[in-house]
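> Read top to bottom, the protein sequences are chains A and B. Those letters in the first sequence? Residues 1 to 334, per our numbering, in order. Those letters in the second sequence? Residues 1 to 334, per our numbering, in order.
Rather than coming from a laboratory, the hints here were simulated on the basis of the structure. Watch out, some of these pointers could steer you wrong.
Identical copies go unnamed one by one, so any copy, or any two together, can satisfy a pair.
Derived pair list, reagent style BS3-like, types lysine-lysine, alpha-carbon separation capped at 30 Å [unchecked claim]:
(1) 48 x 253
(2) 166 x 33
(3) 89 x 255
(4) 25 x 122
(5) 48 x 89
(6) 81 x 48
(7) 122 x 28
(8) 175 x 327
(9) 89 x 175
(10) 324 x 175
(11) 89 x 122
(12) 81 x 122
(13) 283 x 48
(14) 48 x 289
(15) 273 x 184
Values in this document were obtained by computation on a predicted structure and should not be read as measured data.
2 protein chains.
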Amino acid sequence: MDSQRIKPKKVVCIGGGTGTFVVLKGLKNYSYKLNAVVSMSDSGGSNKRIRDEFGLLPTSDIRQCFVALADENGGMGLMRKLFMYRFEKGNGLTGMTFGNLFMAALSDIVGSQEEAIRQTGKVLRINGNVIPVSFTNTNLYAQYEDGHIVTEEHLIDEPEHDGKLKITKLYLEPKATANPHAIKSIKEADAIIMGPGDLFTSLLPNIVVDGIAKAIEESKAKKIYVLNLMTKYGQTYNFTANDHVKTLMSYIKIKPDVVIVNNTKFIPEIVEKYEEMNEFPIKDDLIEKDYADVVREDIVSEQIVEKSSSDKLVRSLIRHDSEKLAKVLSEIIG
Amino acid sequence: MDSQRIKPKKVVCIGGGTGTFVVLKGLKNYSYKLNAVVSMSDSGGSNKRIRDEFGLLPTSDIRQCFVALADENGGMGLMRKLFMYRFEKGNGLTGMTFGNLFMAALSDIVGSQEEAIRQTGKVLRINGNVIPVSFTNTNLYAQYEDGHIVTEEHLIDEPEHDGKLKITKLYLEPKATANPHAIKSIKEADAIIMGPGDLFTSLLPNIVVDGIAKAIEESKAKKIYVLNLMTKYGQTYNFTANDHVKTLMSYIKIKPDVVIVNNTKFIPEIVEKYEEMNEFPIKDDLIEKDYADVVREDIVSEQIVEKSSSDKLVRSLIRHDSEKLAKVLSEIIG
Numbered sequence: 001m002d003s004q005r006i007k008p009k010k011v012v013c014i015g016g017g018t019g020t021f022v023v024l025k026g027l028k029n030y031s032y033k034l035n036a037v038v039s040m041s042d043s044g045g046s047n048k049r050i051r052d053e054f055g056l057l058p059t060s061d062i063r064q065c066f067v068a069l070a071d072e073n074g075g076m077g078l079m080r081k082l083f084m085y086r087f088e089k090g091n092g093l094t095g096m097t098f099g100n101l102f103m104a105a106l107s108d109i110v111g112s113q114e115e116a117i118r119q120t121g122k123v124l125r126i127n128g129n130v131i132p133v134s135f136t137n138t139n140l141y142a143q144y145e146d147g148h149i150v151t152e153e154h155l156i157d158e159p160e161h162d163g164k165l166k167i168t169k170l171y172l173e174p175k176a177t178a179n180p181h182a183i184k185s186i187k188e189a190d191a192i193i194m195g196p197g198d199l200f201t202s203l204l205p206n207i208v209v210d211g212i213a214k215a216i217e218e219s220k221a222k223k224i225y226v227l228n229l230m231t232k233y234g235q236t237y238n239f240t241a242n243d244h245v246k247t248l249m250s251y252i253k254i255k256p257d258v259v260i261v262n263n264t265k266f267i268p269e270i271v272e273k274y275e276e277m278n279e280f281p282i283k284d285d286l287i288e289k290d291y292a293d294v295v296r297e298d299i300v301s302e303q304i305v306e307k308s309s310s311d312k313l314v315r316s317l318i319r320h321d322s323e324k325l326a327k328v329l330s331e332i333i334g
Numbered sequence: 001m002d003s004q005r006i007k008p009k010k011v012v013c014i015g016g017g018t019g020t021f022v023v024l025k026g027l028k029n030y031s032y033k034l035n036a037v038v039s040m041s042d043s044g045g046s047n048k049r050i051r052d053e054f055g056l057l058p059t060s061d062i063r064q065c066f067v068a069l070a071d072e073n074g075g076m077g078l079m080r081k082l083f084m085y086r087f088e089k090g091n092g093l094t095g096m097t098f099g100n101l102f103m104a105a106l107s108d109i110v111g112s113q114e115e116a117i118r119q120t121g122k123v124l125r126i127n128g129n130v131i132p133v134s135f136t137n138t139n140l141y142a143q144y145e146d147g148h149i150v151t152e153e154h155l156i157d158e159p160e161h162d163g164k165l166k167i168t169k170l171y172l173e174p175k176a177t178a179n180p181h182a183i184k185s186i187k188e189a190d191a192i193i194m195g196p197g198d199l200f201t202s203l204l205p206n207i208v209v210d211g212i213a214k215a216i217e218e219s220k221a222k223k224i225y226v227l228n229l230m231t232k233y234g235q236t237y238n239f240t241a242n243d244h245v246k247t248l249m250s251y252i253k254i255k256p257d258v259v260i261v262n263n264t265k266f267i268p269e270i271v272e273k274y275e276e277m278n279e280f281p282i283k284d285d286l287i288e289k290d291y292a293d294v295v296r297e298d299i300v301s302e303q304i305v306e307k308s309s310s311d312k313l314v315r316s317l318i319r320h321d322s323e324k325l326a327k328v329l330s331e332i333i334g
């Protein structure tokens, strides 16, 4: 027996969207004890139906985390593919994801959505835990600089108003209570990874849950913020790197220990495509001494991913690279 | 190395409905090489939607066989439960079974329904093979003694006409070609088990597929017919045991080697419930010498199963007992 044996470090990823997917997919190959704290305020498409017709909380973000952490070996690759599958046929089925239906059926069988989520992790033999940030049935609200208020996550994500407007306040109504497992995992973590991902619809919807910001502030973990690659119309229009960090710091009252920024240039043709949608590469105006550390690395995927209607996961052309990002993160976490 | 090692006997069960479920569930605990040859002409409910909206062949009978043969240990019990699950919520989802949606999604992912069925068996770690009798997109037709013809399996099963009418001819239109794997499994079998189950909507829909009757006739296997317990209104109204065997023998041109008949009495209160639906215990008028063997045993489940709308499997009150029937079968098969 080796009493000096090193315990695996506890790493918590906070988010829920494609960005968290990329982080988890990369880090699952390292020997960390991985926990994903995932937002539960999605409201679009499949989620809306899970909420309205099944009376359950939305599970699309959870589904993505499961796919990221799922065992890909042997027959399990197929279950993983099924979990990503979106029905394109069937009256009333088109647009529904298999993964969400799987969790809805399981919730009915085992009696609660919380237990269903736990069991789903077992079925997919995930390497880590997927922890819903809250089980409160709540809605996300955003107030903009002109004073108007928008509710429902998908309308914040894809605004029907002028997307250049700044969000001045993000909150949940009714107030959401944090899942005790989320609080515990944050408090006990050696490292907390925030982002990448949509600031106002993936990362901050976790942090505005009662108790989560406080847990992050009090945690002794190394707090790492992975900056996005592009601004997002409707959320972070014209935001520089500094704007991102300042916004995050207005929701948690401490500085992150490390900010990870990409330092490679993008292919002009792809940048042009983004510009058509009013989205731009984030300008790196971070000043080293403002934070404990700014890590600048090539963390961009070389792969050019075409858009597809059948899989929400492949909708960006400029994306973080799972392996590159995981390598940088592992060097920071140790 | 032991060259005298006994190879497991090859057993083929032909059918598809609840009766086949009971046989498979019992026999999976024996060391046989089990093959289920399953009808593909279901047309009601979930099946109709799988046919019309997904352009796939109906899979409800296959689903039941998967559930019967599925690994029930460890985490697998949950997958088995999911496979039985029928949605009771969700616009356009109510009445759909999870198992059928699973196979529909998988058919799209792997490119064919045949491959999807094979892969499903792997995911559920079934003990045996589930072999669709045919991949021809066909419909079941029944002609009655008054000359009128009904199409679609569910209208034969639950007739809108006088259910006392005898079916004089059962056929598929267009003609269905047998799945070569079904033919092979029947030809190589040591034992073929036909029934129990609805004669005209579970057992015979397999036998009217081109090539299946001939394969049974030519097979050197011991042919075992497990008689039903009750007559069925619309199919076998007033049929005696002898009527059942004679009907089967009009579709396969040989006698079965063994007929298994239940010899216990039923609880009068339950029989009365059946009588209200014009269904009666089958009168045993079999004469020993007419067949190679008539085996009379207690093969009835003591369990009284209440009806439930959520699970097609538990709709009979008088049912065969999996374990008792498997024991009797194993003594015959050897």
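> Quick check: which numbered hints come out false for this structure?
1, 2, 3, 8, 10, 13, 14 and 15
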